[in-house]
Amino acid sequence: MEWAAVRYPPSDATGSGDMEAQLIRRACEGDGRAVRALYDRYSPRVFAVVRRIAGDDDLAQDYAQEAWIRAIRALPTFRGDARFSTWLHRIAVNSALQAVRKAKTRKTREVAMPDEVAVAPRMGDALLERKLEEALDLLPEGMRKVLLLHDVEGYTHEEIGAALGVTSGTSKSQLFKARAKMRRMLRGIEPSPREVEAWSV
Amino acid sequence: MERLKLEDLARLVDEQPTAKEQAILDRDPGLRRELEAMRAQTRELQHLPAILPPPGGWHELEQELVTTGLIRGHAPVAGMWRKWLQVAAAFVLFIGGTTFGWVTANGTGLGDGLDQQASAGSDPSGAGVASPASLEDARTAVEAAESEWRRAFGEYQQLFYAENGQQPRRDPVARLAGIEALVAAGEAAVQEAPDDEFLNLFYVNTLMERQQTLSQISLDAWH
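Heads up: the sequence lines are chains A and B, in that order.
Numbers 1 to 201, taken from our numbering, label the letters of the first sequence in order.
Numbers 202 to 424, taken from our numbering, label the letters of the second sequence in order.
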């Protein structure tokens with residue numbers, strides 16, 4: 001599956017203002033066009049966080065859809081205390097985490113990776129970003145969730161503990177293990193499962 | 202000799218080293234490089250880009266939202282939007298018909314029919330729409346006709362708002378909502394006639410216009 005990475009202005013660039021408030025109000029009233037406009041604006045961010053938590057494209061699509069349904073359902077409770085993007089992001093994270101928890105008999109994840117990650121030119125290191133995404137997908141689920149929430153999404157250990165139902169100490173411990181494992185994978189010390197599979201063929 | 206494990210270095214990305222750890226780091230440049238690499242890795246993770254969802258995601262979501270009653274299904278276009286859609290459709294048909302006529306005339310020698318079609322559509326005087334001698338002439342004539350249509354449309358807008366006692370709306374969000382109606386109409390039209398070149402062009406143009414309007418809204422919020 002081909003997927004594309006996109007860069008957006010900081011969340012406050014698109015997450016506030018009268019225009020967005022109008023869209024939200026219309027979306028609350030069931031206006032599909034307003035919901036579509038919100039979806040067009042925020043779906044890359046929602047999909048990114050959900051995709052990384054899921055570690056799988058197909059699951060990510062389901063989780064993203066569930067996250068949007070939850071968000072639209074909860075839209076009347078949005079009071080504007082936080083930015084809409086932040087509010088939506090939290091819903092996406094919680095929804096994806098809950099979905100992962102529900103998948104008790106989750107089959108062993110395949111490690112197939114997207115063929116290509118297109119990053120906007122002159123911004124960031126596309127190769128490094130791709131390697132990071134690959135390494136993220138290969139982390140054990142518990143480590144990946146903690147690393148994502150802390151290092152990618154900026155959650156505190158207390159917030160992670162609350163979201164995952166673990167202590168902040170466990171969150172820290174998992175984070176340090178995850179960073180170390182990532183580092184080993186990135187510098188090629190620890191062969192990825194894909195490589196092991198290739199050698200065994 | 203005491204060493205620091207990678208997990209220890211991972212901790213030192215966030216925390217200050219103890220005196221003992223600092224002493225080990227001071228003695229070992231390799232460990233210091235490794236710590237710096239770990240910090241760089243963490244910084245990079247903070248800036249991972251967003252990811253475009255797969256195409257078709259919206260349509261699946263829309264169906265689910267309609268089914269669950271969270272949004273209304275496509276309602277018939279009514280009221281003022283119907284008028285604007287009629288005008289937009291007239292524009293597409295006019296430009297499309299004119300272009301088709303000229304292309305046909307160039308290809309088959311049906312110049313007389315073309316003259317009638319073009320002059321009837323754009324300029325009662327017939328000026329500027331004489332039989333084109335080349336494709337370039339035809340393109341120029343189409344552009345002139347389009348320009349004339351835009352001018353006429355501007356006048357129509359003014360008269361429309363004057364008669365209805367309204368002011369033109371410049372709100373980009375309102376514009377976006379209008380474009381969404383056109384997108385929905387275009388989408389429905391393309392579904393009815395998927396091979397129709399002009400309906401496809403109209404649909405693509407409205408999608409592009411929607412993207413531009415979204416970008417404009419984002420830029421407005423940015424500044």
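Since the hints were derived computationally from the structure, they do not count as laboratory data.
Since this is a predicted model, take the numbers as computed values, not measurements.
Worth double-checking, as some hints may not be accurate.
[Stated by the list, open to error] Derived BS3-like pairs: lysine-lysine, alpha-carbon spacing no greater than 30 Å straight-line:
#	chain 1	residue 1	chain 2	residue 2
1	A	K177	B	K206
2	A	K131	B	K206
3	A	K102	A	K172
4	A	K102	A	K177
5	B	K206	A	K172
6	B	K206	B	K221
7	B	K221	A	K172
8	A	K131	A	K172
9	A	K131	A	K102
10	B	K221	A	K177
[As the list claims (entries may be wrong)] Simulated coverage check for chain B against chain A, where a stretch passes if three residues somewhere in it have a Cβ under 8 Å from a Cβ of chain A:
#	segment
11	208-221
12	243-254
13	258-265
14	377-386
C-beta atoms are modelled at their ideal positions from N, C-alpha and C, and glycine is treated no differently.
Against the structure, the hints:
1. A:K177 with B:K206: Roughly 10 Å between the alpha carbons, so the hint for K177 (chain A) and K206 (chain B) holds.
2. A:K131 with B:K206: Holds - the C-alpha atoms of K206 (chain B) and K131 (chain A) are around 23 Å apart, at most 30 Å.
3. A:K102 with A:K172: holds, 24 Å
4. A:K102 with A:K177: holds, 25 Å
5. B:K206 with A:K172: Holds - the C-alpha atoms of K172 (chain A) and K206 (chain B) are around 16 Å apart, at most 30 Å.
6. B:K206 with B:K221: Roughly 14 Å separates the two Cα atoms, so the pair holds.
7. B:K221 with A:K172: holds, 21 Å
8. A:K131 with A:K172: Since the Cα atoms of K131 (chain A) and K172 (chain A) sit roughly 23 Å apart, the hinted pair holds (cutoff 30 Å).
9. A:K131 with A:K102: holds, 29 Å
10. B:K221 with A:K177: holds, 21 Å
11. 208-221: holds (count 6)
12. 243-254: holds (count 11)
13. 258-265: Coverage by chain A holds here, the residue count being 6 at a Cβ distance below 8 Å.
14. 377-386: holds (count 5)
Hint check: no violations occur; every hint is consistent with the structure.
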